[in-house]
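> Now for the letters of each chain:
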Amino acid sequence: MKPFAALLDRLIYTPSRNAKVALIAEYFRQAPDPDRGWGLAALTGGLDFKGVKAGTVRGLAMERVDPTLFAWSYDFVGDLAETTALIWPERLSNRAWPGLSEVVDRLSGAQRSEAPEIVADWLDTLDATGRWALLKLITGGLRVGVSARLAKVALAAYADAEPAEIEELWHGLEPPYTELFAWLDGDGPRPSLEDKPVFRPAMLAHPLEEGEIAGLDAAAYVAEWKWDGIRVQISSRGGETRLYSRTGDDIGRAFPDVLDHVTFEGVLDGELLVVIEGEVRPFNELQQRLNRKTVTGAMLKKYPAFVRLYDILFDGREDLRALAFSERRNRLEGFYARAAPRRMDVSQVVEFRDLAELEALRVSSRGTATEGLMLKRQDSPYVAGRPKGLWYKWKRGPLTLDTVLMYAQRGHGKRSSFYSDFTFGAWRSSPETGEDEVVPVGKAYFGFTDEDLKHLDKWVRDHTLHRYGPVREVERGLVLEVAFDSVHRSPRHKSGVAMRFPRIARIRWDKPPGEADRLETLERLIE
Amino acid sequence: MTAPKPESWIEVRPTGLYVRPGDFHVDPTRAVGRAVITHGHADHARAGHAAVAATAETLAIMAVRYGAEPEQAKQALLPGAMLSIGDVSVTLYPAGHVLGSAQVLLEHKGSRVVVSGDYKRRQDPTCAPFEPVPCDVFVTEATFGLPVFRHPDDRDEIAKLLNSVRMFPDRCHVIGAYALGKAQRMIALLREAGWDRPIYLHGALQNLCDLYRAHGVDLGDLRPATAGQKGVPRDDFKGEIVLAPPSAIADRWGRRLPDPVVCMASGWMRVRQRAKQRGVELPLIISDHADWDELLQTVEDVDAPEVWITHGREEALVHAITATGRRARALSMVGYDEEEGA
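Line order of the protein sequences matches chains A and B.
Residue 44 in the numbering used here sits at position 44 of the first sequence, and the numbers go up by one each step.
Residue 184 in the numbering used here sits at position 184 of the second sequence, and the numbers go up by one each step.
The hints are simulated quantities; they were obtained by calculation from the structure and are not laboratory data.
Mixed in with the good hints, there may be bad ones.
According to the in silico footprint, chain B covers these stretches of chain A (three or more CB under 8 Å from chain B) [stated by the list, open to error]:
hint, stretch
1, 7-17
2, 20-28
3, 78-92
All C-beta atoms in this analysis are idealised placements derived from N, C-alpha and C, irrespective of residue type, glycine included.
Given only the sequences and the hints, what does the whole structure look like? Please build it.
Here it is, written out as structure tokens:
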């Protein structure tokens with residue numbers, strides 16, 4: 001427990017990705033087997049203890065602590081697990097801390113009624129950090145700012161391996177991943193993937209820069225639309241089927257409408273979309289179905305899911321990844337004709353004579369459910385990661401809006417002395433008073449140079465109205481031209497709209513804030 | 001003759017705690033005629049009093065902060081030596097808070113009151129340890145007057161810091177520490193743990209470190225954390241430890257530091273959300289105040305039938321002391337800052 005508690009205690013304060021990777025990799029070096037495997041499972045969201053809830057924790061605390069003092073402390077700290085961890089009366093004890101595997105074994109083997117006593121016994125043994133980590137672990141949701149993907153990247157960094165190798169094995173393995181660690185440490189064979197519907201690391205595209213277009217050998221490429229959904233992989237083998245995001249997260253449970261009808265074996269690459277009567281719906285509708293563990297019948301009906309197939313990696317058990325794109329494309333069409341999978345179709349090839357024609361098509365695609373075009377070299381094999389020169393994404397130019405800077409927040413690490421996260425707004429007339437006010441429409445922390453940042457930081461410091469911890473509210477005095485890919489309705493935001501991928505395009509030192517755009521302008525851009 | 005009740009001769013005024021039969025204040029919150037000062041932190045030792053009695057170290061700290069104040073009558077008191085002011089005997093005892101910090105024992109016609117100022121019970125290589133003084137009323141602060149505040153062992157916190165320095169050799173560790181007391185204690189603790197590299201200081205810490213050294217506290221090799229080439233972080237700070245006042249780190253001063261790991265040494269770091277709000281990446285729970293257990297233990301040690309609580313989380317401490325059969329009362333005094341120095 002000790003190395004794991006120390007790790008969580010560092011991660012919760014560490015904003016930098018590289019520093020998180022270094023901390024997790026160090027944990028894999030320090031912690032023994034099988035504890036580190038359980039630690040990896042906890043970080044990747046693969047542990048679930050059913051018997052211990054917030055109420056259990058509160059009950060334990062009440063048995064040991066004056067309720068009045070507990071209530072005041074909870075008011076001050078604001079988090080039940082942390083309050084309990086800090087306030088728990090310490091007894092001098094020479095007992096060893098439980099290992100992570102002991103925690104997992106005993107709790108998963110215990111009756112629900114036995115759990116509180118087991119937990120209390122551990123709380124008597126641990127120190128404040130240990131108690132906090134234990135309570136976070138067993139009540140679910142570590143919330144230390146680490147995604148499953150990042151944990152795997154850290155594992156790769158630990159073993160000096162490629163993240164793709166770990167991704168490919170990942171879904172064929174179970175906690176505590178002893179075989180995986182043995183292989184990474186050079187003490188065992190590569191775990192076998194026979195009969196498992198594992199994730200095959202995805203091939204990604206480079207953005208096509210303006211300067212590269214002229215030099216492109218157009219005849220060597222095939223064009224397709226870049227549909228505005230999320231990239232997914234359908235993997236089916238040995239009677240099991242999974243739906244993975246492009247980072248290898250298993251998202252299948254929320255998409256039975258796609259998976260329930262799969263009868264084939266193979267691995268397919270495509271775009272997950274909401275399609276109603278053959279028409280691709282805006283991304284916002286797909287958003288309603290993402291990040292959910294389960295799905296209701298009403299949602300299945302209102303936002304039916306669909307996969308537009310881009311590629312085939314395995315046909316049956318035959319690995320096609322070394323074949324050229326054009327050959328795989330033939331195999332994909334053959335597969336589709338043969339298997340006729342429901343709620344799927346094959347992405348169309350966009351015919352073009354030259355780049356000028358393609359450019360015209362790209363520009364005219366605004367208002368459709370695409371983000372632009374994909375260009376894929378006909379002879380490209382399917383390579384994990386983002387290899388150079390094989391696939392390009394050629395997005396439409398972004399939309400822009402002149403906004404007013406409202407709040408600035410200090411950054412982290414190299415930017416910890418700079419106000420570098422900017423919240424900006426657009427004008428509207430206030431629903432209460434009818435007077436013009438600025439309402440926030442987005443937040444961005446990139447798009448500017450280091451030199452720009454120095455000027456922005458100075459401006460923020462010189463025009464502060466209020467300070468709220470690391471945040472400053474500033475005078476409505478600076479116009480930021482913001483670029484974004486699209487905008488959609490969002491009841492969660494005060495303005496009622498949310499931008500996709502906003503970034504600072506230009507700082508308009510010259511422009512009077514009164515001439516910045518109005519919210520209505522942004523609303524007209526909703527697709 | 002029975003001794004007078006303490007509340008009959010000591011009162012809480014807007015100017016602070018006033019001792020009527022001696023016509024003086026203890027740690028007044030604004031300039032007064034005559035003051036007895038417990039220690040040199042700015043909220044306890046203010047400028048402009050006509051006459052001041054304190055330890056020699058506290059007087060020296062005040063001189064560094066406020067200049068010589070030539071108009072002021074100063075009286076240096078040795079610990080344990082009694083001074084009569086009017087009808088009151090005043091004796092100072094070490095409080096263990098910072099260099100020169102003292103508790104004030106006030107005696108008047110057989111009634112004994114100890115004003116403890118700020119104090120801690122942990123070992124501190126930079127100042128004399130707290131001495132419990134039996135009394136009728138013990139006057140205490142309650143900065144950490146909640147049972148969630150239990151400071152861990154300093155050595156574990158320093159080990160956490162040195163472990164991080166080892167793990168991130170390409171970054172600089174900057175520790176936010178109050179200029180008086182905390183900064184020197186951090187340096188002394190680092191030296192005890194075997195860190196013998198130079199430690200770099202923000203300019204605001206230099207004078208007080210010099211003063212500590214002049215009073216015989218060994219702080220090792222200290223160097224100014226001057227800026228390098230304009231606007232460029234000093235690469236030679238990678239792998240080093242720098243100390244600065246907390247406010248300077250977030251300010252432009254911090255730009256001389258290469259990719260800093262921002263650390264903060266304070267008892268408040270015990271509460272994670274507090275540490276996160278301040279943008280701290282490595283919290284170090286090191287405090288110059290008593291934690292909850294020590295507040296209660298100290299009340300037991302001085303065995304006072306009555307406790308007055310000046311400021312902090314008074315209600316919880318009143319509740320806990322009352323439960324032990326003693327009387328406790330919140331004075332709710334304003335003017336004592338409990339943020340930075342804790």
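> Now, for every hint given, state plainly whether the structure supports it.
Do the hints match the structure? See the list:
no.: 1; hint: 7-17; result: holds (count 5)
no.: 2; hint: 20-28; result: holds (count 3)
no.: 3; hint: 78-92; result: holds (count 7)
Violated hints: none; the structure is consistent with every hint.
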